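Asks: The chain contents come next:
Protein chains: 2
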Amino acid sequence: MVQTSTDVRTTAWSTTTIAGYTYGTSDVPPSPVSLGDLDLLKQSVLFGPEEEDWLRRAGEVLDEQAEALVDHWRGIIAAQPHLSIYSAGLDGQPNPAYGAASKPRFVQWVRDVCRRPYDQDWLDYQHEIGLRHTRAKKNRTDGVESAPHIPLRYLLSFTAVIMTTTKPFLTARGHTVAEVDRMYDAWCKAVMLHVTLWAEPYASPEDW
Amino acid sequence: MVQTSTDVRTTAWSTTTIAGYTYGTSDVPPSPVSLGDLDLLKQSVLFGPEEEDWLRRAGEVLDEQAEALVDHWRGIIAAQPHLSIYSAGLDGQPNPAYGAASKPRFVQWVRDVCRRPYDQDWLDYQHEIGLRHTRAKKNRTDGVESAPHIPLRYLLSFTAVIMTTTKPFLTARGHTVAEVDRMYDAWCKAVMLHVTLWAEPYASPEDW
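Chains as they are written, first to last, in the numbering used here: chain A, 1 to 208; chain B, 1 to 208.
In isolation and in its complexed conformation, chain A is listed as follows (with noise of 0.2 angstroms):
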């Protein structure tokens, strides 16, 4: 069977290997912010339909650079203490297993970025992964003893390096300059729409 698009985006569904990633299932709890609320904040980062055209393509192009780009990413902070503590041990030293266990989950983070239509289920996984790099959840995944909480100031920088440092990994299709620039500004819009929504657990309700 000739596979079309659409398997494709079935395939990238077929994710119950990976462990921990409960997306879609009643595991993961509602999340506060309402599909009004989403649609508002699509706005606000002025992504529409042309954006999510755009971010299909850049899909195409990062899927299969998915691992690389989580392992450029991983690099970047294993480089900073102050990034690398959050990964790391209690006692500050590597924890191997934890980045082994966390890895899949984020590479998937790239597909579905990409791929998944934003409706509630997406939704809720992002209330979901918000928590996960709270107090309130981290560490709990995968039964890992590291730093309990990572700072909103660092998943606020790192956004940076998760933006810009896709751009070169766009090219790799041989689109050109436009196309690219296409690509990369969806991917930036669709990253601080993300990024927007982790930030909730972060501020009181009034107040996020």
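Hint data in this document are derived by calculation from the structure and do not stem from the laboratory. One or more of the hints may lead you astray.
Listed next, the in silico DMTMM-like pairs over lysine to aspartate or glutamate satisfying Cα-Cα at most 20 angstroms (straight line) [to be verified]:
(1) LYS167(A) - ASP207(B)
(2) LYS138(A) - ASP207(B)
(3) LYS167(A) - GLU60(A)
(4) LYS167(B) - ASP27(B)
(5) LYS42(B) - GLU52(B)
(6) LYS167(B) - ASP207(A)
(7) LYS167(B) - GLU179(A)
(8) LYS137(A) - GLU50(B)
(9) LYS42(B) - ASP53(B)
(10) LYS167(B) - ASP37(B)
Residues from chain A shown here face chain B by an in silico Cβ test under 8 angstroms; the list is partial [what the hints assert, rightly or not]:
(11) PRO151
(12) VAL161
(13) ALA199
(14) TYR202
Quick caveat: nothing in here was measured; it's all calculated off a predicted structure. Note that beta-carbon positions come from the ideal geometry of N, C-alpha and C, so glycine has one too.
Could you slot chain B onto chain A? The hints should help.
Replies: Below, chain B without anything else, positioned relative to chain A:
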């Protein structure tokens, strides 16, 4: 006298005519963030001497376009009621006087991003700008009645607009694609650095 690059920078600091622009004055409370913390944040966004150089060059391109850039952003805000409410009166009606009063500071912010040294004065003023988005200080600078607080989710999501819409403006001086990309990269990192600092009042000290 021939104006050198240094003179241009000096000229940019002659901003005493901007009402409410208190950069470098004793009206600005000290930031709770130390210069050491700032250094870690600069590392986290991968903002080093090269980025600083490209940001200076971006500033040369954006300087004369700073007002047009702010007008562009404000047009995007005006078109979205859930964003424009934060610059409107309490009755939801536009408040042109508020917009007119705050605009020169917004324009100056574009120039400051690109030209100011990121020192203690700069750090303190980012704290002040952060506070001016929140119920701690919003509306006081201009003595207006408006919504008392900009939610974190709109501060963060609109950052995507501040970043991505600047790209076309960076092409105005005929730089190569590669040069524009470097300027844009530095701009995005610098903007994320600013917004990370502005987010500080939204979270508890142990969470930020």
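Asks: Each hint: holds or not?
Replies: Tested hints:
| no. | hint | verdict |
| --- | --- | --- |
| 1 | LYS167(A) - ASP207(B) | violated (30 angstroms) |
| 2 | LYS138(A) - ASP207(B) | holds (13 angstroms) |
| 3 | LYS167(A) - GLU60(A) | holds (14 angstroms) |
| 4 | LYS167(B) - ASP27(B) | violated (34 angstroms) |
| 5 | LYS42(B) - GLU52(B) | holds (11 angstroms) |
| 6 | LYS167(B) - ASP207(A) | violated (30 angstroms) |
| 7 | LYS167(B) - GLU179(A) | holds (14 angstroms) |
| 8 | LYS137(A) - GLU50(B) | violated (38 angstroms) |
| 9 | LYS42(B) - ASP53(B) | holds (14 angstroms) |
| 10 | LYS167(B) - ASP37(B) | violated (29 angstroms) |
| 11 | PRO151 | holds (6 angstroms) |
| 12 | VAL161 | holds (6 angstroms) |
| 13 | ALA199 | holds (6 angstroms) |
| 14 | TYR202 | holds (5 angstroms) |
Hint compliance for this structure: hints 1, 4, 6, 8, 10 are not met, and every other hint is.
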